[in-house]
Amino acid sequence: MNRPPGPHTAFDAPSVDTVPWVPPIADQFTEPWWQACRERRLLVRACATCGRTHFPPRPACPHCWSDQVSWHQVTGLGSLYTYSVVRENDLAPFGASLPYVPAIVALDEGPRLMTSIVDSSSLTIAVDARVEVVFVDRGDWTFPAFRIA
Amino acid sequence: MVVPRRVAVVGAGLSDLGRVDDKTELQLHQQAIRRAVADAGLTRDDIDGLCSTGTGVLSPIEVAEYVGLSQRLRHVESSTVGGSTWEFMSRHAASAIALGLVDVVVLSYASTTRADLKRGVRTSNLSFGARDNQQFDAPFGHTLVSKYAMAAQRHMAQYGTTIEQLAEVAVSARANAADNPEAYYRDPITIDDVLSSRPIADPLTKLQCCIRSDGGGAVVLAAEDRARDLAKAPVWILGTGEAVSHVTMSEWPDFTESPCVRSGRDAFAQAGVTPADIDVCQLYDSFTITVLLTLEGLGFCPPGEAGRFVEGGTLRIGGGLPTNTDGGGLSACHPGMRGMFLIVEAVRQLRGESAARQVADARLACVNGTGGWMSSASTMILGVD
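As given, the protein sequences belong to chains A and B, one line each in that order. Position one of the first sequence corresponds to residue 1 (full-length UniProt numbering), numbered consecutively onward. Position one of the second sequence corresponds to residue 1 (full-length UniProt numbering), numbered consecutively onward.
One or more hints might be untrue.
[Claimed, not checked] Partial pick of chain B residues on the chain A-facing surface, computed with a CB cut under 8 Å:
no.: 1; residue: 80
no.: 2; residue: 124
no.: 3; residue: 141
no.: 4; residue: 143
no.: 5; residue: 199
Don't read these hints as lab results, they were simulated from the structure. Beta carbons are placed, not taken as given, at the ideal position from N, Cα and C, and that holds for glycine.
Start from the sequences, fold in the hints, and give me the full structure.
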């Protein structure tokens, strides 16, 4: 795997219990996506006109502008497109939970999403590593984190 | 039919820089604007356009009002595309001047980022909200530094770029800053210094991140019929381009490609020159990786090759492609956003005003602003007769 050399000090990605996170401002259109997370289902949008998927979700397809778009459940499997290890952040609640590992995951079905890597050793976290979704419950919200598969 | 006029940068000025604890942003705007207009040999009565942003509500009207120009302007603009804003504005103002809509346009910027942090009136990291697409990004707490760090991580994995090559960008900037009396940091640093500095967001350490200083700047653009008989030799705007990409990180198609691929293509084509013709570069260095992506995107080297390209001091004054000759945002001057200062330094180099840091025979400069988190790019090709 492609693990760059660098000034990294060893770390473990936070556990599902400690990974820092703040609530979104959801809206009527996106609420079904958040509700699906609560039900342990990860959704993207799929266009019946051009056949492409997209995320973040829009009512109309950003690729072809068709409105023949619907929610589509994905497997929750993908690869780690890139990541960083945040070691400084003066914004709450993140500053109290350092380090943590924000990441971009490329889903096997196409779209990418921002997430956080959890429950993984720094020895296994690397660009292009296989990852799987882990749903994390926080109060009224459930969000998709990922761990190294 | 309107025959387009040529457009030049005819004035450039900086406000107080570095540590400015005794002035507000609007006061720095006024100082920089007056200095730039005086540098051009013009007066306030010559100005009929103003482009500015970065302050409170309704900027640039706020700036126009403060400097007493609001009742006479016929070209006003406030793009909001991040640190590349002044390159975008230059392109838009040059277009308006070329068409004859306006004759003399001032661009300005000022920020007291450093003083505000010191006074505790702003946080180091900024929240950009969690609505719409940001509801899927912001909850995870990716900082601005980590967004650029993700690009660095991907570039290293995809192309084998080393952390030492990234560090060389910071070392070169500091070497250039040594000869700039206005630079914030001037003491030489080594690659080891860069790598052993405080880790902020892997793989970026503190010395790979732009500094936070105070200051402002302004430039004056004018039509060729005005530019010919002013105080300083005109610095011609030969080509410009602008491009945007993403706000939501998951929407950035390729974390190793800057939108300057598109803005640079347009700018070089309009100017009728190639990267090989360029004598000096001012490339926004928010972080070390920004410079690598920009060098590749503009075609100074092939994709993936920028790490090797910068090795050995290519970017230093006296190197193969002197870049960020004032010491850049990494060492010299970065009050919140840097786009304005790129243009000021390019103008000074092309006029031969740069004293100890002057690049010999600098005739053609490339300026590239990068905004947001590789969200926007604007390229300018500048030249002297």
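Do the hints match the structure? See the list:
1. 80: Constraint on residue 80 (chain B) not satisfied, violated at 21 Å.
2. 124: holds, 5 Å
3. 141: Since chain A brings a Cβ to about 4 Å from residue 141 (chain B), closer than 8 Å, the hint holds.
4. 143: holds, 5 Å
5. 199: For residue 199 (chain B), the interface hint holds, since the closest Cβ of chain A sits about 5 Å away, which is under 8 Å.
Violated hint: 1 only; the structure is consistent with all others.
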